[in-house]
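Engineer: Listed here are the chains, written in short residue letters.
2 protein chains.
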Amino acid sequence: MKNILVAQSGGPTAAINATVAGVVTVALSSKNVGKIYGAKNGIQGVLDETFIDLREKIKNNEDLVLLSHTPAAALGSCRLKLKDLNKDKAQFEKIVEVLRKHEINCFVYIGGNDSMDTVDKLSQYCKNHNITDITVVGAPKTVDNDLVGTDHCPGFGSAAKYIGVTFAELERDCNVYKTKAVTIVEVMGRNAGWLTAAASLARVNGGKGPDYIYLCEPAFSTEKFIEDVKAKLDSQDSVLIAISEGIKNEKGQYVSEQVQSGAVDAFGHAYIAGSAKVLEDLVREKIGCKVRSIELNLMQRCAGHIASATDIEESKMLGMKACQCALEGENGVMASIKRISDAPYVVEYEAVPVSQVSNEEKTVPKDFMNKEGNDVTEKMMDYLKPLIQGEVSQNYKNGIPKQMILY
Amino acid sequence: MKNILVAQSGGPTAAINATVAGVVTVALSSKNVGKIYGAKNGIQGVLDETFIDLREKIKNNEDLVLLSHTPAAALGSCRLKLKDLNKDKAQFEKIVEVLRKHEINCFVYIGGNDSMDTVDKLSQYCKNHNITDITVVGAPKTVDNDLVGTDHCPGFGSAAKYIGVTFAELERDCNVYKTKAVTIVEVMGRNAGWLTAAASLARVNGGKGPDYIYLCEPAFSTEKFIEDVKAKLDSQDSVLIAISEGIKNEKGQYVSEQVQSGAVDAFGHAYIAGSAKVLEDLVREKIGCKVRSIELNLMQRCAGHIASATDIEESKMLGMKACQCALEGENGVMASIKRISDAPYVVEYEAVPVSQVSNEEKTVPKDFMNKEGNDVTEKMMDYLKPLIQGEVSQNYKNGIPKQMILY
Chain A
1 MKNILVAQSG
11 GPTAAINATV
21 AGVVTVALSS
31 KNVGKIYGAK
41 NGIQGVLDET
51 FIDLREKIKN
61 NEDLVLLSHT
71 PAAALGSCRL
81 KLKDLNKDKA
91 QFEKIVEVLR
101 KHEINCFVYI
111 GGNDSMDTVD
121 KLSQYCKNHN
131 ITDITVVGAP
141 KTVDNDLVGT
151 DHCPGFGSAA
161 KYIGVTFAEL
171 ERDCNVYKTK
181 AVTIVEVMGR
191 NAGWLTAAAS
201 LARVNGGKGP
211 DYIYLCEPAF
221 STEKFIEDVK
231 AKLDSQDSVL
241 IAISEGIKNE
251 KGQYVSEQVQ
261 SGAVDAFGHA
271 YIAGSAKVLE
281 DLVREKIGCK
291 VRSIELNLMQ
301 RCAGHIASAT
311 DIEESKMLGM
321 KACQCALEGE
331 NGVMASIKRI
341 SDAPYVVEYE
351 AVPVSQVSNE
361 EKTVPKDFMN
371 KEGNDVTEKM
381 MDYLKPLIQG
391 EVSQNYKNGI
401 PKQMILY
Chain B
1 MKNILVAQSG
11 GPTAAINATV
21 AGVVTVALSS
31 KNVGKIYGAK
41 NGIQGVLDET
51 FIDLREKIKN
61 NEDLVLLSHT
71 PAAALGSCRL
81 KLKDLNKDKA
91 QFEKIVEVLR
101 KHEINCFVYI
111 GGNDSMDTVD
121 KLSQYCKNHN
131 ITDITVVGAP
141 KTVDNDLVGT
151 DHCPGFGSAA
161 KYIGVTFAEL
171 ERDCNVYKTK
181 AVTIVEVMGR
191 NAGWLTAAAS
201 LARVNGGKGP
211 DYIYLCEPAF
221 STEKFIEDVK
231 AKLDSQDSVL
241 IAISEGIKNE
251 KGQYVSEQVQ
261 SGAVDAFGHA
271 YIAGSAKVLE
281 DLVREKIGCK
291 VRSIELNLMQ
301 RCAGHIASAT
311 DIEESKMLGM
321 KACQCALEGE
331 NGVMASIKRI
341 SDAPYVVEYE
351 AVPVSQVSNE
361 EKTVPKDFMN
371 KEGNDVTEKM
381 MDYLKPLIQG
391 EVSQNYKNGI
401 PKQMILY
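Order-wise, the sequence lines are chains A and B. Residue 1 is where the first sequence starts when you use UniProt numbering, and the numbers rise one by one after that. Residue 1 is where the second sequence starts when you use UniProt numbering, and the numbers rise one by one after that.
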């Protein structure tokens, strides 16, 4: 009989609870599983021994579906990075002590880069100390889609769908007036432009979508940007632009940082502006037409009501795969997605060594962006399109989606 | 045989095209209707004679449904306010000349305050000049819900649903970390707090929703605001706040304006910040905890994918009512909604003199807000709840909702 612990870490997404649901699904259906615990607030909850009995909270398939459709991390999250394995063993000793105290054999940790670092270190620690009664497995998650070792990341597809749908709607909104106007929409992503690229999905039904898409990978030139905008304004009234939060100049300096250094407002408050806001000010100054900036902010990562059915299904499958690996004693692996083909869209679920994943970052390859650095290519579209297919049947009550609250 | 012209004006909404669909539905089903035109960009399109033949664009019920579910103004919009009736007749003469040239007998104008001013002036002009072959009728629309003469406005219910759903999702997202953090969300509304009040709908299924809701009607005190936030941070980690774009101090000065006067950033750009951004800076300075501001921006008015089925149905009914009034020669009226009861929710459609509506503004009554000025009352909830009921079955293709493009 094995006992299972699952926890979530890093930024929340619309799909991360589906991965918990996948873990619980396998655990509930296995004769060899005893306790099914969730740790509250990630690895912090392991250190604090704040466990939630998931057999009590999740009774039936209805509960599993509701959990899968609830956005953000239902078990809570943390941003705690474990210390260096060779320098500070106390933290690892404490974790193993807690796991043994509660007779946990399988620990599934769901998260992004930092969380896979935790899986890597903890599984290494167990190997190094011949701890064979504990298996640590990772399940990927990040809206940024920047994990290596997997074709794409759970949570990304739903965020991409939100972004594609929102750009399609913004295009309609911005086109109603006969007035020259520029709308700059900032999308999450400091170092990887995947989410910003998803703005291109507004085009899949023949719409124009954003006129320009600037990812954070190529160096961003404000001069070229103003030239681009002017050129487009010559032939049309409304110009809609997608930019990454993390656009940087040639020196690698964030565009948003350049304005913030030392700037204060009339009250003496520090001026902290996003990249879209900085470019809004620039367009106002250099072109002088109507201009607005929009940040998609938290909504892009927690909009469960417009989640991608493909993403939710894949996220659940990865939780199932991770739980199976843990039950089979595959210490130190991460469940991952291997794409077999784009159209028809076929994937396989596999397990990769987490050491290959942790602390790496997958940015957008050059052939996914155009040469001018102001749009994506067909190759990017082919990659993105399958990930947003299908809509989730949310369970609405009183006009608002029902949610599963675990604590 | 009568010919019909319909046009849209003011800010777009997720429901304004449903009203056009309502007009066209009645027109298509009437034996006495010949041409069905749409004017591009509102009354400007009448002056410019840029007409769209809607019989060509809308062939069947499928087209009507698609139009109803497409956000923003499919006929385009304008912000043109007609001149004073007694001072400048040329504009009115031109409009009547164009309408007569195209043998238009019924003109339905869909919009908010300014648009109803157009309906009022134009219908008055016709009456004053014994023009009996042209009937001008208004249909209400505004996400702000600030029109008098109708229980509520088409477009508001869908925006309210987006806001309620989004706050429910943000609540989940903001609650994942064990860190003191304040999230301030700015909702549209310069002088009427209806949309901000809709944040309370996040509570209908037992959720906590926003911790505070500050509408723009009562005077806003930054001192009291900081006190409120501190009090809540004493007992919980995450504090979620809804504020109106138009919160003002005791002197009636916009909170956002106070910071903007004379402020420049390091590049010498003018500092233009929304009210949430101003309060974010204030919390950072006075409390020093993690704080972020979010603007729901254009998304709240164009999110057709999460439109309220009740709103879309009512918007269509009002278009039908307006078209019927126009066909029956009821010059100078606006189609409107009379609420008979909250639960069960029952409404009637009627016609009110547009002169009572134009240039008036319906703000939130005192008994819809709590005495402290930091939340809404049950009375507000009872008013809001029926308006967000039901979800629209969007027609998705390739993962993105299909849209009806009229030009």
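It cannot be assumed that every hint is accurate.
No copy labels: a pair is met if it fits in one copy or bridges any two.
No more than 20 Å apart at the CA atoms, straight line, and that leaves these computed lysine to aspartate or glutamate pairs for DMTMM-like [to be verified]:
#1 K402 with E391
#2 K180 with E361
#3 K366 with E103
#4 K371 with E257
#5 K397 with D382
#6 K286 with E227
Read the hints as simulated data drawn from the structure, not as lab findings. Nothing here was measured: the structure is a model prediction, and the numbers come from that model.
Engineer: Which numbered conditions among the earlier hints are violated in the structure presented, ordered from lowest to highest?
Structural biologist: 2, 3 and 4
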